[in-house]
Every structure is written in structure tokens, then in C-alpha cells.
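Visitor: For what it's worth, the UniProt record's numbering labels the leading residue of the sequence shown as 1, then goes sequentially.
These aren't lab readings, by the way, just hints derived from the structure by calculation.
Quick caveat, the model's predicted, so the values are computed rather than measured.
Beta carbons: idealized from backbone N, C-alpha and C, even for Gly.
Treat the hints with care, as some may be off.
Pairwise CB distance ranges, derived in the manner of DEER restraints [said to hold, decoys possible]:
| hint | residue 1 | residue 2 | range |
| --- | --- | --- | --- |
| 1 | Leu53 | Gly23 | 16 to 26 Å |
| 2 | Ser15 | Gly77 | 17 to 27 Å |
| 3 | Asp28 | Phe56 | 14 to 24 Å |
| 4 | Arg52 | Asp28 | 18 to 28 Å |
| 5 | Pro34 | Leu76 | 40 to 50 Å |
| 6 | Arg74 | Ala16 | 14 to 24 Å |
| 7 | Leu48 | Gly27 | 18 to 28 Å |
| 8 | Gly23 | Ser51 | 19 to 29 Å |
| 9 | Val45 | Leu76 | 42 to 52 Å |
| 10 | Glu46 | Leu76 | 17 to 27 Å |
| 11 | Asp28 | Arg75 | 50 to 60 Å |
| 12 | Ala25 | Arg74 | 41 to 51 Å |
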Amino acid sequence: GPAAGGEEGEEDGESACAVCLEGYAAGDALRTMPCAHDFHEGCIVEWLSVSRLCRFRLPTQAEEDAAQAQQPPRRLG
1 GPAAGGEEGE EDGESACAVC LEGYAAGDAL RTMPCAHDFH EGCIVEWLSV
51 SRLCRFRLPT QAEEDAAQAQ QPPRRLG
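Given only the sequences and the hints, what does the whole structure look like? Please build it.
Guide: This is the structure in C-alpha cells:
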């Protein structure tokens, strides 16, 4: 079984890149951003070319759906 204490670098529970959703593997080039989140270097470079927001601060699809459900329905016409 796995060694007691878990893998090094997983204390915060983030064991996958929030951009590509792939887990980190030995030898992966990671970049830690000022927000203290880690990402695959290639993923975060590409992400930052599109968005300056931390990927962890964006709402998930479920959160967006819940927010839309709370808005009152609009009547057309």
C-alpha cells in the first residue's frame, strides 16, 4: 500500500492541474503562481494567454447553473 503520510507536495489536496485536470506526475514541469496554486507550466502559460483570472477562482459549471437557477425568469414580449 501507499506509504504513511502521503506523497510529498500533496498537503493542500491539489494533486491535479486545474487547467487540464490531469494529475501531476514525476518530472512534470510545474509553476506556482502568486495565488499559491500549482499548475503544469505549459497549461498555465496557455491559460494566462486567454484569462488573467486564477483558474481556481472561476465558478464551476455546477455553480454557474445554480446561479442561473436563482435568477427570476424573464418574460419576453
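Visitor: Each of the hints needs a verdict: does it hold here or not?
Guide: Taking the hints in turn, this is what the structure says about them:
Hint check: Leu53 to Gly23, Cβ distance near 23 Å, so the stated range 16 to 26 Å holds. The hint said 17 to 27 Å for the Cβ distance between Ser15 and Gly77, and at roughly 51 Å that hint is violated. At roughly 18 Å, the beta carbons of Asp28 and Phe56 sit within the given window of 14 to 24 Å. The supplied range of 18 to 28 Å is met by Arg52 and Asp28, whose beta-carbon atoms lie about 23 Å from each other.
Checked against the hint of 40 to 50 Å, the pair Pro34 and Leu76 passes, with Cβ atoms roughly 44 Å apart. Range check, Arg74 to Ala16: Cβ separation about 38 Å, and the 14 to 24 Å hint is violated. Under the hint 18 to 28 Å, the C-beta atoms of Leu48 and Gly27, about 23 Å apart, fit the expected range. For the hinted restraint 19 to 29 Å between Gly23 and Ser51, the CB-CB distance of approximately 22 Å keeps it satisfied.
Between Val45 and Leu76 the beta carbon distance is about 43 Å. The supplied range of 42 to 52 Å therefore holds. Here the CB-CB span from Glu46 to Leu76 is close to 39 Å, at odds with the stated 17 to 27 Å. Between Asp28 and Arg75 the CB atoms are about 51 Å apart, so this pair conforms to the stated range of 50 to 60 Å. The hinted range of 41 to 51 Å is satisfied by Ala25 and Arg74, whose Cβ atoms lie roughly 47 Å apart.
Violated hints, listed in ascending order, are 2, 6, 10; each of the other numbered hints is respected by the structure.
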